[in-house]
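Chemist: Protein sequences appear in the order of chains A and B. First residue of the first sequence: 1, per my numbering; consecutive thereafter. First residue of the second sequence: 1, per my numbering; consecutive thereafter.
Simulated from the structure, these hints should not be mistaken for lab results. As the structure is a prediction and not an experimental result, all values here were calculated from the model. Mixed in with the good hints there might be a few duds.
[Said to hold, decoys possible] With a straight-line Cα cutoff of 25 Å, these simulated DSS-like cross-link-like pairs (lysine-lysine) come out: (1) Lys119/A - Lys176/B; (2) Lys72/A - Lys93/B; (3) Lys176/B - Lys89/A; (4) Lys116/A - Lys176/B; (5) Lys154/A - Lys176/B.
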Amino acid sequence: MTTTLNQSVSDVQNVTGSIDIASVSKSYGDTEVLSNVNLNIPAGNFLTLLGPSGCGKTTLLRLIAGFIEPSKGKIAIDGRDMNGVPTQKRPIGMVFQNLALFPHFSVAENVAYGLKLRKTPAAEMQQRVDRFIDLVGLSGMGDRRIAQLSGGQKQRVALARSLVLEPSILLLDEPLSALDMQLRKQLQIALKDIQQKLKTTFVFVTHDQEEATMISDTVVVMSNGHVQQVGAPQDIYASPETLFVSKFIGELNEIPARVTDTGPHLSIDTAAGQFTLPASAARGFAPRTGDAAVICLRPEQLKVLPTGANVAGQTMLDARVVSRLVIGPLTRVSLRVGETDMIAVMMTDADTAPLPSGSACKVSFNPDHARLFAPLSDDMASAFGEHA
Amino acid sequence: MRTMSPLSRTLGIVFLLALPLPIFIVFGASFNGSAYIQFPPESYSLRWYIEAFTDPRWARAVGTSLWIAAVTSVVVTTISFLAAYFTLRYAPKINTLLELAIFSPLFFPHACMGVAAVALMAKLGIVGTPGAIILAHIIVTVPFSYRPVHVALRSVDPDLIRAAEVMGASELRALKDIILPICRSGILTSLLFTGIISFDEVTVTMFLIGPEITTLPVQIFTFIQDDASPVLAAISTISVIITFLAIVLLERVAGLTFFVQRSGS
Ligand SMILES: Nc1ncnc2c1ncn2[C@@H]1O[C@H](COP(=O)(O)OP(=O)(O)OP(=O)(O)O)[C@@H](O)[C@H]1O
Ligand SMILES: [Mg+2]
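Next up, chain B with everything else stripped away, as it sits in the complex (with noise of 0.2 Å):
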């Protein structure tokens, strides 16, 4: 590593501060007693936590939440893996216009999808249902899935598969022997990180909701423009801590490295 300016060094560390302050006050202000959201808390108390975790609504969305989340990371990651393997092995010359197409969402403000979103699922007659959602969130996750899984299967030997298609495997077969285990990494860094996105999103969401169905932060949003209560910060420092162990696990099983590799070739 190169050695950095002092003051590069400084404005760095004011950055690596400054950055997570908000979750500390909203975690601080979780274990007030009062009735108010206030930072530093006049006095502790867990009776936000407790409320939290017996209003049906709070689990309601949590589980909602979770579950989307999980349905999103598997159908995404599936679907990025199958488009860049048989890319990569049968049509490498159209993977440039793919990744611009699985790319673009990143271009577009996430109200204008929301906007968007709204009047396709309208037209397929399934807002306010789960489907929507995840339609929504495979959209706005797909870039961050494909991109692990991209150059982890780009870095595998190609003669792999052939080698085990002469010795008599199918192309699935192979896939499941040879070429999945290798990029296991990668494909666990893409259900990892379109998990925390599609667990975390707000914009597009909020639009798909309906009387049925709500997901934990676009709750967290209608509450709040009621009732500013505590309780808020209790569930959100719930979803952080849920958020940072989904990472430190990111971390732990695939390391965090895949984000800083170059996609293109």
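Just chain A, same shape as in the assembly (with noise of 0.2 Å):
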């Protein structure tokens, strides 16, 4: 009987902080900068936003914290509709894009003041502040001005600040962006560890497609107020489902081509010349003969090869090595290839005869391993500055 209580116990700590976004979206004016979104977010879970900027990325979490209303749809937090129910009366806390530190008041007191809104015993309340302070890495500035703090400094005020009142949901804007690389690490695995030990519920945003693939247990990609892809961040990696995601996530190779024949498999003509595929290299579009569409290989699918090269069942193409960077376990070549640019990484120890730089090569990928993508509309492409 007891340990079914005490199980049944876990199980509700368990359960509190489960998001449900169901059809949201917003509109200011005529501009929909939200649409249909749709994300079921379990209790526990460490969901990362990532997009371009602009995206909608703080709006979605504004409407998560009830600041602002959907102009469509539903938001349930642990089944419970949150239409009309006030920011209060929510189980988040926030740290917001532009920290909204309380400029009078110290750090121990930007710490201190929601464990003060709830009444928290004096010795509780200055052990928790301190240890929350410590946590942060900003023991012993407890005194110290808001305006006396560096960036940096603020940025881990602003974490420590929402992190002491153990919200079962917890929403970051950027909360790392101003932190030099070593912090950063150090925050992540800090922030990975607090959210794991409290199963408290993160709704991180961030511009930094790594630290999000090494964060998350979730990522979700979003593009111009609509969410492109949802799943874990291998799977993001592995398969993405669009050509946007494929470039947002992680390094990628694009050959500019055209389909040639559609059946059975794909005919594809390059400037690096032409070759056939298997009609599930095709992701998100149905082609057909005369599509532009664009090859898409990760660096380390591509092998370098001397010119004689042939292997079956492998397509080769004839490159140009332009250059070599070895970093430390692994090595980066950069290839011509037709008229594309290209990146391949291999391990160091692997590339046991390495090419001269100017010298003519072939480069070879399993034809498995390639994607086919429809180009980017004119609006994604402006995403990563380019011109469709």
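Make one complex out of these two single chains by using the hints.
Modeler: Now the structure itself:
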């Protein structure tokens, strides 16, 4: 009996903090900044919103926090419809993109404010404030004024201030953007740690895809107010559904191409030559003869071989070595294939007979690894600073 | 600062000296021993100050003016703060309209407003009461209160109040803990500036006094019509000193920059 009771208690702890976003749209006047967003975030998930500037990440956080209401659709927290529920009554904490620290309070007063509102006894408050100030690496700075802090220190105060309340959902809007690499790594680990210990649901916003893949359970790739793809970081990396997503997560080689025949295999014409791909290479669109398309290959899927080489089952392209860069265990080879620049990455110790820069070579890849996408639409291309 | 041409520099100095000249004359005349307002004084004496401090009519008028100024400034600052806060947060689009309404008292001659005020107060049946004077002073001072308060509030990051709310603060609590302290200098500016204007207001107030109540500047005005006694110079000097102290205080706690900043966005 006791065990079942205990179990049900821990079950209850596990289930608080789930968020259901159903068909949510948000418009300002005539412009729709979020379009039909559907997301089910399980309790305790570390979910990251990833997307270019202006794609609606902050807007989505503001909707969850209740600062703004959806124009369409519903947001529920722990199964409860949040429509009309004021911010104060939602089980959330938030780290704001612009931090929103109270400038007339000291560091410790900022961290203590929420505890004070909860009428936490003075001794406990002091102890918790100190613990979280230590946690973010600001020990001994409790008495500092906000104006006396660096950008990175301010971000850490904002983190401590929201973590100390241990909400079941924490919304973090680019909380690590102003930190240097080392501190960033350190706090990424600390955040992940806290998140797992407290079983908090994190909705985390970042521009940094490396950060996103490192710390999240789930990544949501957004663009122009639309959710492009949701999944575990490795799944999104391995099987992106659109060109936008594959460009956004990880490094990518793109070969502009034209479809010359569709069946049973795809015949593709490129500046680097003609070859065939399996029909399953096409993702997110049904190619027709004459369609423009883009072939995508990850740098680690390319092999650089001497000109005479021929490997059965592999697609071989004529290429030229432009340069070679050894970064510790990895070697990056810049290549010119037809009219396209490409990058191949391999383990340095696997690169037994390196070809000198300028020499002709062959580039090979497994046609089953290649992905064929429709080209980016103009508005999405602009997110990468490209002109279609 | 840009350098000024010699002409505008000379003109500037002349103006700066000429503006307070009447005050120096009143100041000098107040120490005159004779029974007439005279400058330069013939003999020196403090008799008019003694009279000013011992005649209960003056003491009462000073007291009335001070408390009316205090009530006016607190009420008008509260109104401005709430109006500015709620329009900025919930209805930024109506701000232009609201400012037009609030600044409209600046467009009307005060005598005209006095006539309108007396008609309004008569309808309310409160002519000759402190309430009428305070109500009129609120209307006259509100533009001078709204501007500094609005400027202060507008420069506050709107996410601050949301941050407090996320942590569980009610809107009122967040206002008190976060917004009010940050806007402190704008609020003090409003309090002191409206207090000074109320303390010095004559034209509109004149229409609203009664046998029971009068303010210091109106009392001076009525008095001078019967008797141009140098006690008036002493009283005027005292009221100049009170106003001056308020302005020094204003400069010390808040600075006077609010009046040169634009409040429109
Ligand atoms: N109050 C508003 N009124 C009108 N448009 C708005 C408003 N707030 C946001 N937008 C628009 O909505 C879009 C999404 O904004 P949002 O702040 O959510 O972007 P973001 O993904 O957080 O970008 P960033 O990475 O730069 O922070 C932008 O085009 C922005 O201009
Ligand atoms: Mg943002």
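Chemist: Would you mind confirming whether the straight-line C-alpha gap from Lys116/A to Lys176/B stays at or under 25 Å?
Modeler: holds (14 Å)
Chemist: What's the verdict on Lys176/B and Lys89/A, does the C-alpha distance respect the 25 Å limit or exceed it?
Modeler: holds (20 Å)
Chemist: Given the hint that Lys72/A pairs with Lys93/B, test it: the Cα-Cα distance must not exceed 25 Å.
Modeler: With Cα atoms ~23 Å apart, Lys72/A and Lys93/B stay inside 25 Å; holds.
Chemist: Check whether the Cα positions of Lys154/A and Lys176/B lie no farther apart than 25 Å.
Modeler: holds (23 Å)
Chemist: Is Lys119/A close enough to Lys176/B, meaning Cα to Cα at most 25 Å?
Modeler: holds (17 Å)
Consistency with the previously given hints is maintained throughout, with no hint failing.
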